[in-house]
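The primary structure of each chain is shown beneath.
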Amino acid sequence: MTVAAIELDHLHKRQGDFVLGPLTLEVPRGLVSALIGPNGAGKTTTLDLLMGMGQADGGQIRILGRDLAEHEVEIKRRTAYVGPEVSYQAWGTVGRAIDFVSGFFPDWDAARCERLVQEFGLKRGEKVSALSFGAKIKLALVMALAREAELMLLDEPTTGLDVGSRRELFAELLAFMKREDRTILISSHQLTDLERFADHYIIIDKGRLIAQGPMDALVDRYQRLDARLRREPPRLEGLRLLERQGDRARFLLDREVAGGLDLAAAGIEVIGEVPLTLEELYLALVQK
Amino acid sequence: MAETAPKLLLGLISPAAPGPLYQQIIEAVKREVASGRLAAGRPLPSFRSLAEELQVSLITVKRAYDELEREGIIYCRQGLGTFIAENGGATARRAQRELARDALRHAIALGREAGLGKKELVQLLRQELEFD
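Sequences listed follow chains A and B, in order.
Okay, so the first sequence: first residue is 5 according to our numbering, each after it adds one.
Okay, so the second sequence: first residue is -19 according to our numbering, each after it adds one.
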């Protein structure tokens, strides 16, 4: 039985000109899910709503089987968050920030915390304000990983990390995932960052869900078609024009929606069917 | 349990190597089982531990384990772990044999394209066997 770690039901929020949702999706428990989308897609807004930062205009959020609005304190106790909103500057040094934050969590593992501080090359005496962007992310990661959280939300943690640090990050996240009741939701605007580590993909763009599923299912679902156009092609659900030169066109076919479509009858003569890599698919899906 | 399972030495599993990662894991396990280095009944690490060890996604290892189980090389017992199947060695050797036969067929086809006759092909094979 797979229980979803996060369930969004018609989640909706308006922020100036930007509208998020309505988003309906599930983040599977026990796996690493990647929330992917270009800048401005709504990733941070979604994660903020999951952490109870900001108020949704509609819809429901259930986390670890409980309604977020009703059980926010309990959910936050079981959830760790790493993101740009968190600043530990007020406590001065790395060590003081750690001592302060650790006091909030009875499940804090001091030994693991010290090991992580060392591994990430942080020093307790260092001033938080003097840390590089990458080092600040690492400090936030230490705070998240030192606890026995069940759910970890990470908002673009790879931004500002060099290749070596990114590796350390993923090594720690896979170690975290050794317990099967744990779940990670990690966002990035770059698919390649997460491709080797994520089990489940949620692709959003302009506040809307574009596609979700494991890599194989996504790659199987879509296909690139190279075609010759006999006449002006009609607008068809599940068929998206990617490129066109005269009577030659390249389409993205969503087989789930348009699998049984009679393309020849629509004047589209298929010349070639090309499978896509996940990255090509992503770029095609979020293409302007 | 998984924690007591000995470390697997699977050799290089890398996105730079040919074939998808899960396929590389399948082949590496089969190699170990076929050679007898992994004997029947021996526990394998949990798929979560192996994912951490190899630094690949959980689903990659899960898929490899599922496939190996389908082929009868390993078996999973809920709550106990994953083990090498009783006939795992024989099954893996049979699979390796198929691969070897396919490779030979391919070599023969290449040889024919190069204009080699049966006699020359046999000679070539003999030569290689002697070098081995």
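Check before you lean on any hint, since a few could be wrong.
[What the hints assert, rightly or not] Partial list, derived from the structure: chain B residues whose beta carbon lies under 10 Å from chain A:
| id | residue |
| --- | --- |
| 1 | Gln3 |
| 2 | Glu7 |
| 3 | Arg11 |
| 4 | Arg28 |
| 5 | Ala31 |
| 6 | Ser37 |
| 7 | Ile39 |
| 8 | Thr40 |
| 9 | Arg85 |
| 10 | Leu101 |
| 11 | Val102 |
| 12 | Gln103 |
Bear in mind the hints are in silico, worked out from the structure with no lab data behind them.
The C-beta atom is built at its ideal place from N, Cα and C for all residues, glycine as well.
Right, here's what the structure says about each hint:
A hinted interface residue such as Gln3(B) counts as satisfied when its beta carbon comes closer than 10 Å to some beta carbon of chain A; here the least separation is about 13 Å, so the hint is violated. This hint is violated: Glu7(B) has a C-beta 18 Å from the nearest C-beta of chain A, more than the 10 Å allowed. A cut of 10 Å between beta carbons decides the hint on Arg11(B): the least distance to chain A is about 23 Å, and the hint is violated. Of the supplied interface hints, the one on Arg28(B) holds, with its beta-carbon coming within about 5 Å of a beta-carbon of chain A, less than 10 Å.
For Ala31(B), the interface hint holds, since its Cβ comes within 10 Å of a Cβ in chain A; the closest pair sits about 6 Å apart. Taking 10 Å as the C-beta contact cut-off toward chain A, the hint placing Ser37(B) at the interface holds, the least distance being around 5 Å. With a least beta-carbon distance of about 4 Å to chain A, the hint placing Ile39(B) at the interface is held under the 10 Å criterion. Here the hint on Thr40(B) is kept, as its CB sits about 8 Å from the closest CB of chain A, short of 10 Å.
Below 10 Å, beta-carbon pairs count as interface contacts, and Arg85(B) has none with chain A, the closest being about 26 Å; its hint is therefore violated. With a least beta-carbon distance of about 36 Å to chain A, the hint placing Leu101(B) at the interface is violated under the 10 Å criterion. Of the supplied interface hints, the one on Val102(B) is violated, with its beta-carbon coming no nearer than about 40 Å to a beta-carbon of chain A, more than 10 Å. Look at Gln103(B): its Cβ only gets to about 42 Å from chain A, farther than 10 Å, so that hint breaks.
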